[in-house]
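These protein sequence lines are chains A and B, in that order.
At position 83 of the first sequence the residue is numbered 82 (numbering that gives the first Met the number 0), and the sequence of numbers has no breaks.
At position 119 of the second sequence the residue is numbered 118 (numbering that gives the first Met the number 0), and the sequence of numbers has no breaks.
Warning: the hint list may mix true and false statements.
Straight-line Cα separation of at most 20 Å, SDA-like style, residue types lysine to any residue; simulated pairs [unchecked claim]:
#	chain 1	residue 1	chain 2	residue 2
1	B	Lys-115	A	Leu-30
2	B	Lys-115	A	Pro-25
3	B	Lys-115	A	Ser-32
4	B	Lys-248	B	Gln-234
5	B	Lys-115	A	Phe-126
6	B	Lys-32	B	Asp-163
7	B	Lys-115	A	Arg-29
8	B	Lys-223	B	Gly-82
Hints were generated in silico from the structure; no laboratory data involved.
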Amino acid sequence: MLLRLLRRIAFWGAVLAATGNVIIRPRRFRLTSTIHHLEQVCWRAVPIVVLITFLIGCIISQQGIFHFRKFGADIFVVDMLGVLVLREIGVLLVAIMVAGRSGSAYTAELGSMKMREEIDALRTMGFDPIEVLILPRMLALVLALPILAFLGAMAALYGGGLVAWLYGGVDPEAFLLRLRDAISIDHFIVGIIKAPVMAAVIGIVACVEGLAVQGSAESLGQHTTSSVVKGIFFVIVMDGVFAIFFASIGM
Amino acid sequence: MAGEISDAIIRVRDITVQFGKTRVLDGLNLDVKRGEILGFVGPSGAGKSVLTRTIIGLVPKIAGRIEVFGVDLDAASAAERRGVERRWGILFQQGALFSSLTVRQNIQFPVREYLKVSQRLLDEIMVAKLGMVGLRPEVADRYPSELSGGMIKRVALARALALDPELVFLDEPTSGLDPIGAGDFDELVRTLQRTLGLTVFMVTHDLDSLYTACDRIAVLGNGKIIAAGSIADMQASQHPWLRQYFHGKRARAVMG
Chain A
0 MLLRLLRRIA
10 FWGAVLAATG
20 NVIIRPRRFR
30 LTSTIHHLEQ
40 VCWRAVPIVV
50 LITFLIGCII
60 SQQGIFHFRK
70 FGADIFVVDM
80 LGVLVLREIG
90 VLLVAIMVAG
100 RSGSAYTAEL
110 GSMKMREEID
120 ALRTMGFDPI
130 EVLILPRMLA
140 LVLALPILAF
150 LGAMAALYGG
160 GLVAWLYGGV
170 DPEAFLLRLR
180 DAISIDHFIV
190 GIIKAPVMAA
200 VIGIVACVEG
210 LAVQGSAESL
220 GQHTTSSVVK
230 GIFFVIVMDG
240 VFAIFFASIG
250 M
Chain B
0 MAGEISDAII
10 RVRDITVQFG
20 KTRVLDGLNL
30 DVKRGEILGF
40 VGPSGAGKSV
50 LTRTIIGLVP
60 KIAGRIEVFG
70 VDLDAASAAE
80 RRGVERRWGI
90 LFQQGALFSS
100 LTVRQNIQFP
110 VREYLKVSQR
120 LLDEIMVAKL
130 GMVGLRPEVA
140 DRYPSELSGG
150 MIKRVALARA
160 LALDPELVFL
170 DEPTSGLDPI
180 GAGDFDELVR
190 TLQRTLGLTV
200 FMVTHDLDSL
210 YTACDRIAVL
220 GNGKIIAAGS
230 IADMQASQHP
240 WLRQYFHGKR
250 ARAVMG
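Generate the whole structure from the sequences, applying the supplied hints.
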C-alpha cells in the first residue's frame with residue numbers, strides 16, 4: 000500500500016519533470032499527439048456528455064417541481080437547479096463520465112502498448128515515454144474537462160429550464176430572471192475551477208494503471224477496471240475536499 | 000571469459016540481476032567485439048533476454064558495470080546516453096512495432112526525431128530500409144496488425160536500422176518463422192553485417208542461425224557465461240549441456 004502510494008507520488012514527480020522539460024524546450028512538445036487526444040477525449044465526448052447532463056437537468060427539475068409544489072414553492076426549483084448544476088453536478092457528473100470513457104481508454108491503450116513492449120522500444124530509442132505518451136494525454140484531458148463541464152452545465156440548465164417550462168409552468172423569461180437572482184459568478188467559478196484538477200487526477204490514475212499492466216490479458220482487464228474505479232473514487236474525494244475548502248473561504 | 004578484448008563494443012562486467020529472491024544473472028562477464036555477430040544461447044529461462052534487457056537498460060541490475068561504445072551507461076549523462084541510444088538498434092522478440100502507426104511511420108519515427116530532414120527524404124529512407132530487409136514499398140501504409148509474423152520481424156529490423164546503427168540487438172529473430180523464412184533472415188543479417196559493418200548481438204535458440212550467421216557463440220548457464228568461442232570450440236566442449244545441445248538429434252540433422 001505504502002509502496003503503491005510512493006509509486007504514484009514518484010509518477011507525479013516524473014510527469015512534472017517532463018512538463019518542466021517541455022516548457023524549457025517547447026520544440027519537444029507533441030502538438031499532433033495532443034490534438035489527436037483532444038479530439039478523442041473532448042470533441043467525441045461532446046454528444047454523450049451533453050445528452051446525459053441534459054437528461055439529469057430534466058430529472059432534477061422535474062423532481063424539484065414535484066416536491067416543491069406541495070409547499071407552493073415551485074419557483075425555488077430554479078435556485079436549486081442553478082446552484083446544484085453549476086457548483087456540483089455539472090463538473091462531478093462530467094468528471095465521472097470522463098473517468099469511465101477516457102480514463103479506461105488511456106489505461107487500455109498504455110497497457111496494451113506495455114504488453115507489446117512498445118514502451119520498452121520507445122525507451123531504448125532514447126525517448127521518454129512520459130514525454131511522448133503521457134504528457135499529451137494529460138494535457139488533452141486537462142483542457143477537455145473544463146470545456147465538457149461547461150457544456151454539460153449549460154445542457155443541464157437548458158434541460159431543467161425546458162422541464163420547468165413544460166411541466167412546471169415556469170416560462171423561460173421568469174426562469175432566466177430567477178436564475179440571475181439565484182446564482183452568482185462564484186457558483187460558476189467554484190464549479191469550473193475543479194475541472195482541471197479532477198482531470199489531472201483521472202489522467203494520473205489512468206496512466207499509472209496503464210503502465211502497471213503486466214504481460215497477461217487478465218492484468219489488462221484488472222488495471223482498466225481499477226483505473227475507472229479509482230478514478231471515480233478520487234474524483235468524488237476531491238469534490239469533497241473542494242467543498243470543505245470553498246465553504247471555509249466562504250465561496 | 001579471460002582476457003580483455005581491446006576493441007570491445009559492449010563490455011559487461013560482474014553483472015548481477017535479481018528478481019525477488021531468484022538470482023538470474025550472477026557476476027556475469029561478456030565482451031562483444033566490434034564487427035562480429037555474437038550468437039547468445041542457453042537453456043530456456045536461463046536469462047538470455049534478461050541480459051539483453053539489462054544491457055539496453057530496461058532491467059535494473061544490483062551490481063556490475065556495462066560499457067557500450069566505451070561509455071559507462073551508469074555514469075553517463077542523459078545526453079551521452081541519448082548518444083549511445085542513437086547508435087544502437089533493437090529488434091524485440093515480438094517486434095514491438097508501434098501498433099497505432101503504419102509501417103512508414105514506424106520506420107520514420109526515430110529518424111524524424113533525431114534528424115531534421117524533409118518528408119521526401121524520410122520517404123526515401125523508408126523505402127531504402129524496407130528494401131534492405133527485403134520488403135516491397137507497397138507495405139508502407141499497412142498497420143502492424145495487417146502484417147504476417149515474418150513481415151513484422153522484417154519491419155522491426157528495418158526500424159532498428161533506420162538510423163544506421165553500429166550495433167544491433169536481435170532477440171530471437173528467427174523464432175516463429177518457418178525454416179525458409181528463418182534461413183532468409185539469417186542470410187539477411189549476415190549480408191547486413193558484411194555491407195554495413197554492423198556488430199550484432201543475437202539471442203537465439205536456432206541452431207541453423209548459429210551455424211550460418213554467427214562468428215562467435217556465448218553460452219549462458221547458471222547466471223554466468225559458461226563458454227564462449229567459435230562453433231568448433233562449442234562442439235569440442237565437454238560441458239554436459241553443450242554436449243547435449245551441439246550433439247543432440249537436431250544438431251546432427253543441421254550438420255548433415
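- Message: Of the numbered hints stated earlier in the document, which are not met by this structure?
- Response: Violated hint (a single one): 8; every other hint is consistent with the structure.
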